[in-house]
Amino acid sequence: QEKVQQSPESLIVPEGAMVSLNCSFSDSASQSIWWYQQHPGKGPKALISIFSNGNKKEGRLTVYLNRASLHVSLHIKDSQPSDSAVYLCAVNQGGSAKLIFGEGTKLTVSS
Amino acid sequence: AQTIHQWPVAEIKAVGSPLSLGCTIKGKSSPNLYWYWQATGGTLQQLFYSITVGQVESVVQLNLSASRPKDDQFILSTEKLLLSHSGFYLCAWSLGTGGHEQYFGPGTRLTVL
Chain A
1 QEKVQQSPES LIVPEGAMVS LNCSFSDSAS QSIWWYQQHP GKGPKALISI FSNGNKKEGR
61 LTVYLNRASL HVSLHIKDSQ PSDSAVYLCA VNQGGSAKLI FGEGTKLTVS S
Chain B
1 AQTIHQWPVA EIKAVGSPLS LGCTIKGKSS PNLYWYWQAT GGTLQQLFYS ITVGQVESVV
61 QLNLSASRPK DDQFILSTEK LLLSHSGFYL CAWSLGTGGH EQYFGPGTRL TVL
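Protein chains in written order, with the working numbering: chain A, 1 to 111; chain B, 1 to 113.
Quick caveat, the hints were computed from the structure, so don't treat them as lab data.
The structure presented is a predicted model; accordingly, all values stated were derived computationally and were not measured.
Treat the hints with care, since some could be wrong.
[As the list claims (entries may be wrong)] Subject to a maximum C-alpha distance of 30 Å in a straight line, what follows is the list of computed DSSO-like cross-link-like pairs (lysine-lysine):
hint : chain 1 : residue 1 : chain 2 : residue 2
1    : A       : K106      : A       : K57
2    : B       : K80       : A       : K106
3    : B       : K80       : A       : K98
4    : B       : K13       : B       : K70
5    : A       : K45       : B       : K26
6    : B       : K28       : A       : K42
7    : A       : K77       : B       : K26
8    : A       : K57       : B       : K80
9    : B       : K70       : A       : K106
10   : A       : K57       : B       : K13
11   : A       : K42       : B       : K26
12   : B       : K26       : A       : K98
13   : A       : K56       : B       : K28
[Unchecked claim] Which chain B residues stay away from chain A? Per the calculated CB distances, all over 12 Å, these:
hint : residue
14   : S17
15   : T24
16   : Y36
17   : V53
18   : R109
Glycine is no exception: its CB is placed at the ideal position from the N, C-alpha and C atoms.
Whenever a hint applies, use it, and build me the whole structure from the sequences.
Here it is as structure tokens:
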């Protein structure tokens with residue numbers, strides 16, 4: 001069974017800081033990796049995904065994937081108070097319908 | 001535009017009582033449908049998925065069952081609730097499996113006393 005672990009557990013940064021979130025997974029056959037944002041009491045919303053080794057940039061978000069080390073990271077540039085939320089890393093198992101989530105990182109951006 | 005509706009918004013139920021939670025997706029035909037559960041402060045876990053009407057696959061055993069009676073409807077139920085069933089239940093849909101984005105509903109908060 002795929003295992004997804006995220007670090008840190010929580011993070012507090014000042015407005016404008018660069019934020020780096022980490023995620024490691026156990027199955028090298030995992031296909032796409034997703035980052036979701038979840039606000040309290042709401043359903044998660046997808047932010048960005050990556051499939052191939054390397055990086056992908058969308059707006060203030062950049063995701064890096066290293067399949068050899070089974071590691072993916074999400075970087076948020078110029079963080080805003082509205083970015084405060086729980087960030088979830090999710091790994092799709094081998095192209096199946098299964099999506100395995102990590103425990104999440106709680107981000108607080110202080111103004 | 002696609003919309004996803006979950007009902008009820010919240011439930012307070014007694015241990016041993018039955019449960020039925022519903023999810024409807026409008027504006028998309030033949031979506032893949034999913035049920036997820038999140039204990040308070042816990043990890044989001046996929047419970048069931050359905051690729052087509054009448055077919056449901058179980059991912060995690062939690063003494064719950066799911067059914068897909070119509071293309072746009074997904075039902076989660078149990079005959080007998082346990083304290084451990086408390087949490088946040090989320091329905092989601094996607095266009096396909098694998099690398100397709102999953103779109104989540106607003107969720108149902110369940111408290112079992």
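We went through each hint and held it up to the structure:
1. A/K106 x A/K57: Roughly 22 Å between the alpha carbons, so the hint for A/K106 and A/K57 holds.
2. B/K80 x A/K106: violated (34 Å)
3. B/K80 x A/K98: Status holds; Cα separation ~26 Å.
4. B/K13 x B/K70: Holds: B/K13 and B/K70 sit about 26 Å apart, inside 30 Å.
5. A/K45 x B/K26: holds (18 Å)
6. B/K28 x A/K42: holds (22 Å)
7. A/K77 x B/K26: Given pair A/K77, B/K26 is violated - Cα atoms ~35 Å apart, limit 30 Å.
8. A/K57 x B/K80: violated (47 Å)
9. B/K70 x A/K106: violated (37 Å)
10. A/K57 x B/K13: violated (45 Å)
11. A/K42 x B/K26: At roughly 19 Å apart (the allowed maximum being 30 Å), B/K26 and A/K42 satisfy the hint.
12. B/K26 x A/K98: Roughly 23 Å separates the two Cα atoms, so the pair holds.
13. A/K56 x B/K28: holds (29 Å)
14. S17: Consistent with the label, B/S17 stays out of reach of chain A, its closest Cβ about 24 Å off (over 12 Å).
15. T24: Consistent with the label, B/T24 stays out of reach of chain A, its closest Cβ about 14 Å off (over 12 Å).
16. Y36: Given that some Cβ of chain A is not farther than 12 Å from that of B/Y36, nearest at about 8 Å, it is violated.
17. V53: holds (15 Å)
18. R109: Answer for B/R109: violated, closest chain A Cβ roughly 8 Å.
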